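Residue numbers (the working numbering), protein chains in the order written: chain A, 1 to 200; chain B, 201 to 453.
Be aware that one or more of the hints could be misleading.
Covered stretches of chain A (in silico footprint by chain B; criterion: 3 or more residues with CB under 8 Å from a CB of chain B, positions within the stretch not fixed) [stated by the list, open to error]:
#, segment
1, 28 to 37
2, 118 to 129
3, 146 to 152
4, 165 to 171
Because the hints were derived from the structure by calculation, they are not lab data. Computed from a predicted structure; not experimentally measured. Heads up, the beta-carbon is just placed ideally off N, CA and C, and yes, glycines get one too.
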Amino acid sequence: MSAPFSLPALPYADNALEPMISAETIGFHYGKHHKTYVDNLNKLVDGKDLAQMSLEQIINHSAGKADMAGVFNNAAQIWNHTFYWNSLKPNGGGKPTGKIAAMIDKAFGDYDKFKTEFANAAVTQFGSGWAWLVQEGDTLKIVKTSNAEVPFTKGQKPLLTIDVWEHAYYVDYRNLRAKYVETLIDKLMNWEFAEKNLSA
Amino acid sequence: MTLQIKHIALAKSAKLTLAAALAVAVFPIAQSQAPAAPAATATAAAPAPAVFKQAPLPYAFDALEPVIDKATMELHHGRHHKAQYDALNTIAAGNPDVAKMSIEQLLANVSKFPAGVRNNAGGAWNHDFFWQIMAPADKRGSPSAALLQRIVADFGSVDAMKTQFNTGGATRFGSGWVWLVVKDKKLVVASTPNQDNPLMDIAEVRGTPIIGNDVWEHAYYLKYQNRRGEYLANWWQVVNWNEVNKRFDEAMK
Ligand SMILES: [Fe+2]
Ligand SMILES: [Fe+2]
Numbered sequence: 001m002s003a004p005f006s007l008p009a010l011p012y013a014d015n016a017l018e019p020m021i022s023a024e025t026i027g028f029h030y031g032k033h034h035k036t037y038v039d040n041l042n043k044l045v046d047g048k049d050l051a052q053m054s055l056e057q058i059i060n061h062s063a064g065k066a067d068m069a070g071v072f073n074n075a076a077q078i079w080n081h082t083f084y085w086n087s088l089k090p091n092g093g094g095k096p097t098g099k100i101a102a103m104i105d106k107a108f109g110d111y112d113k114f115k116t117e118f119a120n121a122a123v124t125q126f127g128s129g130w131a132w133l134v135q136e137g138d139t140l141k142i143v144k145t146s147n148a149e150v151p152f153t154k155g156q157k158p159l160l161t162i163d164v165w166e167h168a169y170y171v172d173y174r175n176l177r178a179k180y181v182e183t184l185i186d187k188l189m190n191w192e193f194a195e196k197n198l199s200a
Numbered sequence: 201m202t203l204q205i206k207h208i209a210l211a212k213s214a215k216l217t218l219a220a221a222l223a224v225a226v227f228p229i230a231q232s233q234a235p236a237a238p239a240a241t242a243t244a245a246a247p248a249p250a251v252f253k254q255a256p257l258p259y260a261f262d263a264l265e266p267v268i269d270k271a272t273m274e275l276h277h278g279r280h281h282k283a284q285y286d287a288l289n290t291i292a293a294g295n296p297d298v299a300k301m302s303i304e305q306l307l308a309n310v311s312k313f314p315a316g317v318r319n320n321a322g323g324a325w326n327h328d329f330f331w332q333i334m335a336p337a338d339k340r341g342s343p344s345a346a347l348l349q350r351i352v353a354d355f356g357s358v359d360a361m362k363t364q365f366n367t368g369g370a371t372r373f374g375s376g377w378v379w380l381v382v383k384d385k386k387l388v389v390a391s392t393p394n395q396d397n398p399l400m401d402i403a404e405v406r407g408t409p410i411i412g413n414d415v416w417e418h419a420y421y422l423k424y425q426n427r428r429g430e431y432l433a434n435w436w437q438v439v440n441w442n443e444v445n446k447r448f449d450e451a452m453k
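Can you make the complete structure from the sequences, with help from the hints?
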């Protein structure tokens, strides 16, 4: 079997986000969950035209198609997790500066209002899913998606994300999703990555 | 469904006494915490009277070891399930249409209510059911002759039923439940997302669940992490067949 998709390297050491996210969590989340999505997608596209497509093309092609739910779920979860690892960094979080800071003030009023709205989306996503800061046209928005759904299939450009599947926080925070979310926003958000994702 | 009817009756009588007690107790607390707030705000901020009351776990938290660990049971009953009862009571406090119904009535009419009812009445019922259809080792029993006969008729064998059930649980993407349901006097496997269940008027497969397993990650993550399949396979060891037999008989009447 050819394997057109591979697990991207983690952008930091597995203990680089401690104590906010433990090496144990990364071990399962990156080493098992993220890897399983890659392995599953490789099996699903084996011998098919899909194997020639990019990950983004597969996601856009399979989105909303009931008979392609398995392909979509695994492809989108590969993309989401890679985006999540890049949305985090050691010594990140808190108030951004520069262009993105100005856009946040314009879209939400101020950083604290952004933070409240982002945290609220992450905490109220019922079940498994994701909270996102996205760019839509020339403005910023907070959205939440369920399970594997990605904002870019609806024309929204992801800038940052927080994984709120229970596997993302259960080892370190148990049921306390709100505490996990607030910790990530305060201490781990990678604002350079968010700014890089802005379309010109 | 005598068991469930009895359950409703209990919940309703508990509701009246608790509401009466809280009506007295709650006001002074709320006012002392927020003396400057207008009366209406103080009332709204008060803890919701417990219209719906979470029952204690019907066995010890470590009774399902080693299949389900004590810490998982404590968190699952004491935090996740409790939070659903708390949220449902908060909704009921602001919505008399919710407060006057039983949980089963809410589920049967869930399409008429806001999503919070679907999520929290669903979660409250699903976990109540889940605790009851599991039991400590000496209380588990085995499938009755009538149930076995139905399983063989609908699936070919008990193993084939378990395989289909486990596949249903493994392939429920994200959070949800997998069920063995009595529908039109036959048994079928179905799975539902999040806290939905087969009693809801929105369910794809509507019927009476007699077995159900929670495949939210919180149900197994501390012990099994990403290995949902292993959890599903092991879980059959703790099933309370005595309770399942009873529910099957009621559903087939
Ligand atoms: Fe994840
Ligand atoms: Fe649960």
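We went through each hint and held it up to the structure:
Only residues whose C-beta sits within less than 8 Å of a C-beta in chain B count toward coverage, and the segment 28 to 37 of chain A has 4 of them, enough to reach three; the restraint holds. Check result for the segment 118 to 129 of chain A against chain B: holds, 4 residues qualifying (beta carbon to beta carbon below 8 Å, three or more required). For the segment 146 to 152 of chain A, the assignment as covered by chain B holds, since 3 residues bring a beta-carbon within under 8 Å of that chain's beta-carbons and 3 suffice. Requiring three or more residues with a Cβ within less than 8 Å of a Cβ of chain B, the coverage given for the segment 165 to 171 of chain A holds, as 5 such residues are present.
Going through the hint list in order, the structure satisfies each hint without exception.
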